[in-house]
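Make the full structure from the sequences, and use the hints.
The chain contents come next:
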Amino acid sequence: MELVDRYLQAVKLALPKRNQDDIVQELNDSILSQVEEKEAAVGRPLNEDELVEILKKMGSPDKLASRYREQQGLIAPTVMPIYWKVLKAALGLAFLVNVIAAIVTAAAGRPLLESLLPILRYPSIAFTTFAWVTLTFVALHFFGAKFQAPEQWDPRKLPPVVKVKRGKSRAESIAALLIGAIATVWWLVGLRNPVLIMGPGVAFLTFAPIWLKLYPLWIALGIAEVARHTFEFVRPDASRQHLLLSLIPRSLSLITMVLLIRAGELFVVNPNNPALQGAIGAINYGTRLGLIIATVIALAKLLLDVWKLLAGRFQEAHEAAVGS
Amino acid sequence: MNPEVLENLRLELRRGCLIVAVLAELRQEQYGYTLRKSLAEHGIAIDEGTLYPLLRRLETQCLLASEWREQDKRNKRFYRLSPDGEVILAQLMLDWESMNSALDGILKDTGPRPPKTVEA
Numbered sequence: 001m002e003l004v005d006r007y008l009q010a011v012k013l014a015l016p017k018r019n020q021d022d023i024v025q026e027l028n029d030s031i032l033s034q035v036e037e038k039e040a041a042v043g044r045p046l047n048e049d050e051l052v053e054i055l056k057k058m059g060s061p062d063k064l065a066s067r068y069r070e071q072q073g074l075i076a077p078t079v080m081p082i083y084w085k086v087l088k089a090a091l092g093l094a095f096l097v098n099v100i101a102a103i104v105t106a107a108a109g110r111p112l113l114e115s116l117l118p119i120l121r122y123p124s125i126a127f128t129t130f131a132w133v134t135l136t137f138v139a140l141h142f143f144g145a146k147f148q149a150p151e152q153w154d155p156r157k158l159p160p161v162v163k164v165k166r167g168k169s170r171a172e173s174i175a176a177l178l179i180g181a182i183a184t185v186w187w188l189v190g191l192r193n194p195v196l197i198m199g200p201g202v203a204f205l206t207f208a209p210i211w212l213k214l215y216p217l218w219i220a221l222g223i224a225e226v227a228r229h230t231f232e233f234v235r236p237d238a239s240r241q242h243l244l245l246s247l248i249p250r251s252l253s254l255i256t257m258v259l260l261i262r263a264g265e266l267f268v269v270n271p272n273n274p275a276l277q278g279a280i281g282a283i284n285y286g287t288r289l290g291l292i293i294a295t296v297i298a299l300a301k302l303l304l305d306v307w308k309l310l311a312g313r314f315q316e317a318h319e320a321a322v323g324s
Numbered sequence: 001m002n003p004e005v006l007e008n009l010r011l012e013l014r015r016g017c018l019i020v021a022v023l024a025e026l027r028q029e030q031y032g033y034t035l036r037k038s039l040a041e042h043g044i045a046i047d048e049g050t051l052y053p054l055l056r057r058l059e060t061q062c063l064l065a066s067e068w069r070e071q072d073k074r075n076k077r078f079y080r081l082s083p084d085g086e087v088i089l090a091q092l093m094l095d096w097e098s099m100n101s102a103l104d105g106i107l108k109d110t111g112p113r114p115p116k117t118v119e120a
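Chains A and B supply the protein sequences, listed in that same order. If you count by my numbering, then the first sequence holds residues 1 to 324, one letter each, in order. If you count by my numbering, then the second sequence holds residues 1 to 120, one letter each, in order.
Quick caveat, the hints were computed from the structure, so don't treat them as lab data. Hints are all accurate, no fakes.
One-sided and incomplete, this derived list gives chain B residues near chain A with beta-carbon spacing under 7 Å:
#1 G32
#2 Y33
#3 E48
#4 G49
#5 P53
#6 R74
#7 K76
#8 R77
Derived lysine to aspartate or glutamate pairs resembling EDC-like cross-links, with alpha carbons at most 16 Å apart:
#9 A/K38 - A/D49
#10 B/K37 - A/E37
#11 A/K57 - B/D47
#12 B/K37 - A/D29
#13 B/K73 - A/D29
#14 B/K37 - A/E36
Built from N, CA and C at the ideal position, the CB exists for glycine as well.
Here it is as structure tokens:
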């Protein structure tokens, strides 16, 4: 009955939050009653095709869930799931474009505030995006356009049941997005103006040249992180894809850490103030040791997650082979 | 003939009838699956995707009352007509009878007409 669980999970995610569990429990009972009746009629357990037939008769998860929605304003409930998907994708894309603009500005050596401007401007851009998407849907509805949910959907292709709790909440995703974007811009500007990162400590110490040599890697890392957070915001329940997408920034950060470790010298004494000349060796040694430990832990975690992903794939392939 | 227009008119005609049928069937307590079967036995086929949201809507309008109970080792949600629902159903049945007899009279007076043919 894993197929039924996957179907109900997809319905639940598209339902209004208020009565999700109650509605799903009732639908579960209805599906199981149909299965029992059919099994009694044929005198054997149903095969996958027969189960798929029952689920297809229930309708696609989005379509079924949309019938539980009341008409909200000018957008019909059947169109609501499509509207939300388009709106989230548009808002996510607009954010990504703005953050990339901020990163490019920072990489071009502009001051911090100027670099952050595309991110600070995002609320007004988000409002414009929201207005355009909503107006487009209202216009399409007004002019009688028909949104046909693809009826050739296949219950076998629904995402697997997520056994743990749902992914990050919407608020967590937005916070991660904003903090990630601002931190990236701050870091890129700060590498060129170390006072932004080190504060008053810059009077004694500054970054060794290796940090700036790795500048393209920092840019790539920042973009990959923001793209990952954007995807998490747009698709909060695609936990496997979250893990898959996280491999990119994590691999990039591993490469960065290895290059930093190999560089040896990470900080240099400010030539105008050689007070820390005697301690610079210990500072570099301690930082390098910390980086080595962090790299080993990050590598172990990365390998473990890759293993989990591969094991999940193998298990699914095995279940599909046994089921067919 | 535009098949889309016909389909829309049929849906409109059916929508009101379905509500009366569901309310009438729930004068006796039932859960969703048995209700659907009983409607089908009376010639009113309705899919789950229409029936369950309709039950929720009628409950929100206080025409139905429901409770979860265990039957056959499974929890089921049982629906029945509420006191408000009984009053509304009685009124709807009166309206239905009056509408039905009026419509009967109109259809008998006029009879079905063949579609007009347009000459070139």
